[in-house]
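Turn these sequences into a full structure, and let the hints guide you.
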Amino acid sequence: MKMMILEVKGLKTYYDSRRGCVKAVDDVSFNLKRGEVLGIVGESGCGKTTLGLSILRLIRPPGKILKGDVIYDGKINIMKISKEELRKVRWKEISMIFQGAMNALNPVHKIIDQVVEAIVLHEGIEKSEAVERAAKMLQLTGIPLDRMKSYPFELSGGMKQRVVIAMALACNPKIVIADEPTTALDVVVQKGIIDLLTNLKRKLNLSLLFITHDPSILSVVSDRIMVIYAGKIVEIGETRKIIEKPLHPYTQGLFKSILLPLEQSKELISIPGDPPDLVNPPSGCRFHPRCPYRMELCEVEEPLPRSQRDGIVACHLYG
Amino acid sequence: MTKLMLSKILENEIVAALLNNRKGCVGLIIVIFFIFMAVTADIISPYNPWEIVGPPYSPPSSSHPLGLNDIGQDILSELIHGSRVSLIVGFSVAFFGTLIGVTVGLISGYYGGIIDDVITRGIDILLALPSLPLIILLAAYLGPSLFNIIFVLSIMGWGGIARIVRAQTLSLRERAFVESCKAIGMSNFQIIFKVILPNIFPIILAETVLRVTGAILSEAGLSFLGLGDPTKKSWGMMLYYANSRFAIFLGRWEWVFAPGFSIALLGTAFCLIGSALDEIANPKIRRER
Numbered sequence: 001m002k003m004m005i006l007e008v009k010g011l012k013t014y015y016d017s018r019r020g021c022v023k024a025v026d027d028v029s030f031n032l033k034r035g036e037v038l039g040i041v042g043e044s045g046c047g048k049t050t051l052g053l054s055i056l057r058l059i060r061p062p063g064k065i066l067k068g069d070v071i072y073d074g075k076i077n078i079m080k081i082s083k084e085e086l087r088k089v090r091w092k093e094i095s096m097i098f099q100g101a102m103n104a105l106n107p108v109h110k111i112i113d114q115v116v117e118a119i120v121l122h123e124g125i126e127k128s129e130a131v132e133r134a135a136k137m138l139q140l141t142g143i144p145l146d147r148m149k150s151y152p153f154e155l156s157g158g159m160k161q162r163v164v165i166a167m168a169l170a171c172n173p174k175i176v177i178a179d180e181p182t183t184a185l186d187v188v189v190q191k192g193i194i195d196l197l198t199n200l201k202r203k204l205n206l207s208l209l210f211i212t213h214d215p216s217i218l219s220v221v222s223d224r225i226m227v228i229y230a231g232k233i234v235e236i237g238e239t240r241k242i243i244e245k246p247l248h249p250y251t252q253g254l255f256k257s258i259l260l261p262l263e264q265s266k267e268l269i270s271i272p273g274d275p276p277d278l279v280n281p282p283s284g285c286r287f288h289p290r291c292p293y294r295m296e297l298c299e300v301e302e303p304l305p306r307s308q309r310d311g312i313v314a315c316h317l318y319g
Numbered sequence: 001m002t003k004l005m006l007s008k009i010l011e012n013e014i015v016a017a018l019l020n021n022r023k024g025c026v027g028l029i030i031v032i033f034f035i036f037m038a039v040t041a042d043i044i045s046p047y048n049p050w051e052i053v054g055p056p057y058s059p060p061s062s063s064h065p066l067g068l069n070d071i072g073q074d075i076l077s078e079l080i081h082g083s084r085v086s087l088i089v090g091f092s093v094a095f096f097g098t099l100i101g102v103t104v105g106l107i108s109g110y111y112g113g114i115i116d117d118v119i120t121r122g123i124d125i126l127l128a129l130p131s132l133p134l135i136i137l138l139a140a141y142l143g144p145s146l147f148n149i150i151f152v153l154s155i156m157g158w159g160g161i162a163r164i165v166r167a168q169t170l171s172l173r174e175r176a177f178v179e180s181c182k183a184i185g186m187s188n189f190q191i192i193f194k195v196i197l198p199n200i201f202p203i204i205l206a207e208t209v210l211r212v213t214g215a216i217l218s219e220a221g222l223s224f225l226g227l228g229d230p231t232k233k234s235w236g237m238m239l240y241y242a243n244s245r246f247a248i249f250l251g252r253w254e255w256v257f258a259p260g261f262s263i264a265l266l267g268t269a270f271c272l273i274g275s276a277l278d279e280i281a282n283p284k285i286r287r288e289r
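Those protein sequences? They're chains A and B, same order as listed.
Residues 1 to 319 in our numbering are what the first sequence lists, from first letter to last.
Residues 1 to 289 in our numbering are what the second sequence lists, from first letter to last.
Just so you know, these hints were derived from the structure itself, not from any lab.
Hints are supplied without guarantee of correctness; some may be wrong.
Calculated cross-link-like contacts (lysine-lysine; reagent style DSBU-like; alpha-carbon spacing at most 30 Å) [claimed, not checked]:
#1 Lys194/B to Lys149/A
#2 Lys110/A to Lys8/B
#3 Lys110/A to Lys191/A
#4 Lys149/A to Lys191/A
#5 Lys64/A to Lys83/A
#6 Lys33/A to Lys64/A
#7 Lys149/A to Lys8/B
#8 Lys201/A to Lys136/A
#9 Lys64/A to Lys182/B
#10 Lys92/A to Lys8/B
#11 Lys8/B to Lys127/A
#12 Lys80/A to Lys191/A
#13 Lys174/A to Lys67/A
#14 Lys194/B to Lys110/A
#15 Lys12/A to Lys136/A
#16 Lys88/A to Lys75/A
#17 Lys149/A to Lys182/B
#18 Lys88/A to Lys182/B
Dropping the structure here:
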């Protein structure tokens, strides 16, 4: 059994726009270990969601995956397989919890039917059996039995999120890509969803890609953290190490700008400047216009990702 | 048996909602009245509408409440039998027009791109053409028969609904749940008919019912111009004969009034149901009660 369940190599996804090419995911490489939770964090518009969608080849025009390999379980290259095979990989092997659970459910169908649909499409089993499994799944995610025939609009935001999670887990996938699963929920419900995801992960032996813009959540859920800035990976490392001593200046800025759980108090400092334009990203290191440690080299040469402290950092400071 | 069916119909959510809406309730009662008339025409009409039962142009009397026409047929019987044509044409044209319009609109809106461009231009042309002259021309060319009238009106009448469905589909296909259905592995066909179609069904229903009125009026217009099916009694045809046989000149206003009023009443009824459905489907235009 291989350690790595998912290997992403040199992935590039660009969007065509009238102003030019938006480099949303630009040469991204990383691995997901079996059974781990990899947190992906970054500002709005840095390419997190695009990365998640690219892994399942769900990018639609004007977006386009230009390059890269996504290798599942050491043998299946998702970028190269046929549409038919892709349909088998999606949901059965890798599934996704979509951003904005409020809208991810079809308003005119009962929730259980939507979960059943996902099962029937992939497992080729009898409907009655699928209904049973869907009910079990919904129960596992904390939907009471008497709510299963509800329509999405009859449920609260947190309940809907649970349904979306049940849908993602319906076909027993090995990997789940969770795109902002707790955004737009209040803190108490967030806690519930996070606990649910962590429990299910352990129970079902999942590997999780947890995409969020909120580093404080990652400090609780993830084993490793991957920080993305302007479509590029700036740092990957173990959660505790990244929190205690972030290496990349952007990561440092990110963790200075928030209060982590259990932290008593600290002065919060925001990162100056605005997120860069992904049509014309800054030369050299994309973070250099906002970086407090910038050197001349940073404006000219792009820092390559280097191994550092059993993680990866892309910064000239550690050259 | 009938009781069971009736309770089933009353339990239907759409029917229940209609009955709760004043407009819908009135419309439904009128339509049911006319449907009853059409179904039982042979039983309830006092005479065979084709039979000459008295001297031509007899004024209303106790045995012939609306009098007799120019060749001595009973006008009330004609009126009762005429409801059949109006209802058949109204329902079939609305059905087939909707079928074409919805299919075209869904395909156009969902696939986008060149397919959408071509279809949209086609719809534009269809809607820009003055339809009445074209319908008259086609009806005259194809010859007068009930089938041809239904065919012509269906062919000419799907543009509006296609455009509405296309617009709705365009907006729906960008919604997150459509995306997630795609990710789950549903085919385009499944997404179009199982995901998008149910979401726009209420709008389609309201639009279809409104189309019935249009079809009834068009049929009456064609028959009035003498392009209707001469083998079937219809309200338009009654107006045609009333007009060409000098009904008004002879003071036989009820000969004109009865079919005219029936057309207007049935048309209004479908309009009422349509706008009631619109209100039910779109709570924003629902009035506070």
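How the hints compare with the structure:
1. Annotation: proposed proximity of lysine 194/B to lysine 149/A holds, straight-line Cα distance about 18 Å (limit 30 Å).
2. Between the alpha carbons of lysine 110/A and lysine 8/B the distance comes to roughly 22 Å, so the proposed pair stays at or under 30 Å and holds.
3. Pair hint lysine 110/A plus lysine 191/A holds up; C-alpha atoms about 26 Å apart against a cutoff of 30 Å.
4. Between lysine 149/A and lysine 191/A the CA atoms are separated by roughly 26 Å; this keeps the pair inside 30 Å, and the hint holds.
5. The hinted pair formed by lysine 64/A and lysine 83/A meets the criterion: a straight-line CA distance of about 16 Å does not exceed 30 Å.
6. A hinted pair counts as satisfied when its Cα atoms are at most 30 Å apart, and lysine 33/A with lysine 64/A qualifies at roughly 27 Å.
7. Annotation: proposed proximity of lysine 149/A to lysine 8/B holds, straight-line Cα distance about 21 Å (limit 30 Å).
8. Distance check on the hinted pair: lysine 201/A and lysine 136/A sit about 16 Å apart at the alpha-carbon level, within 30 Å; holds.
9. Of the pairs offered as hints, the one joining lysine 64/A and lysine 182/B holds, with about 17 Å between alpha carbons and a cut-off of 30 Å not exceeded.
10. At most 30 Å may separate the alpha-carbon atoms for a hinted pair to count; lysine 92/A and lysine 8/B exceed this at roughly 41 Å.
11. For a cut-off of 30 Å, the pair hint linking lysine 8/B to lysine 127/A stands: about 26 Å separates their Cα positions.
12. Straight-line distance between C-alpha atoms of lysine 80/A and lysine 191/A comes to about 38 Å, which puts the hinted pair past the 30 Å bound.
13. Restraint check: the Cα-Cα separation between lysine 174/A and lysine 67/A comes to about 24 Å, which is no more than 30 Å; the hinted pair holds.
14. A hinted pair counts as satisfied when its Cα atoms are at most 30 Å apart, and lysine 194/B with lysine 110/A qualifies at roughly 13 Å.
15. With a C-alpha separation of about 39 Å, the suggested pair lysine 12/A and lysine 136/A falls outside the 30 Å cut-off, and the hint is violated.
16. With a CA separation close to 14 Å, the supplied pair lysine 88/A and lysine 75/A stays within the 30 Å bound.
17. This hinted pair checks out: lysine 149/A and lysine 182/B have alpha carbons roughly 23 Å apart, not beyond 30 Å.
18. A threshold of 30 Å between alpha carbons decides the hint, and for lysine 88/A with lysine 182/B the separation of about 13 Å falls inside it, so the pair holds.
Hint compliance for this structure: hints 10, 12 and 15 are broken, all remaining hints hold.
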